[in-house]
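Student: The listed protein sequences correspond, in order, to chains A and B.
Reminder that position 44 of the first sequence reads as 50 in the numbering used here, one-by-one numbering, no gaps.
Reminder that position 103 of the second sequence reads as 1383 in the numbering used here, one-by-one numbering, no gaps.
Selected chain B positions facing chain A (in silico; Cβ < 7 Å): (1) G1322; (2) L1323; (3) L1325; (4) Y1328; (5) A1330; (6) E1384; (7) F1387; (8) P1389.
If you're looking for bench data, these hints aren't it; they were derived computationally from the structure.
Glycine residues also receive a C-beta, built at the ideal position from the N, C-alpha and C atoms.
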Amino acid sequence: ILNVEQSPQSLHVQEGDSTNFTCSFPSSNFYALHWYRWETAKSPEALFVMTLNGDEKKKGRISATLNTKEGYSYLYIKGSQPEDSATYLCAFICGTGNQFYFGTGTSLTVIP
Amino acid sequence: NAGVTQTPKFQVLKTGQSMTLQCAQDMNHNSMYWYRQDPGMGLRLIYYSASEGTTDKGEVPNGYNVSRLNKREFSLRLESAAPSQTSVYFCASSEDRAEKAIYEQYFGPGTRLTVT
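When you get a sec, could you build the whole thing from the sequences and use the hints?
Tutor: Structure, rendered in structure tokens:
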């Protein structure tokens, strides 16, 4: 069983605050790491795909960094907005790229 | 473009009954996946199919069978449902690229299954 951990489990922030959360994964046999955003009553949607030689990824106010040697990735949200409220999942992909191991997610609530 | 579709959306089964969950994608993706999602746990991979005609076990395959009917469709069958299979089931697909670098997944809306 492969362990992918996300912290914190949940987070409440005020509108305008910046926040970040962590995904920890095994530091061996890395293939890729994905971040997904999952809004209530919807399906997960991909945010970033991070590969071994990849740099920091950025999409608007959201960015992600990756450290494969120590086995973690950070997701940052700058100036949180209520529409950022969702669960953020990371998925560790190992081997030849067909085995996905998801973390349990960080639930973010942005208070207006 | 419907993306990934799943049927049914909800289902209640009695212990021992069988059923098939259907999944279809219209994005011409090669890879398709079945996950289950339980409270307090992340999405767990049941089976995946890297291409038409091939299937492989994921993390939690026991009690399930799959069929990759064609490139579009990937079904999940419960032969004899058990209460432990009460869960939300998600189908996903991804595009394979020649450079083998990126496999972001596109998810269906889910099927909520209750086994009593």
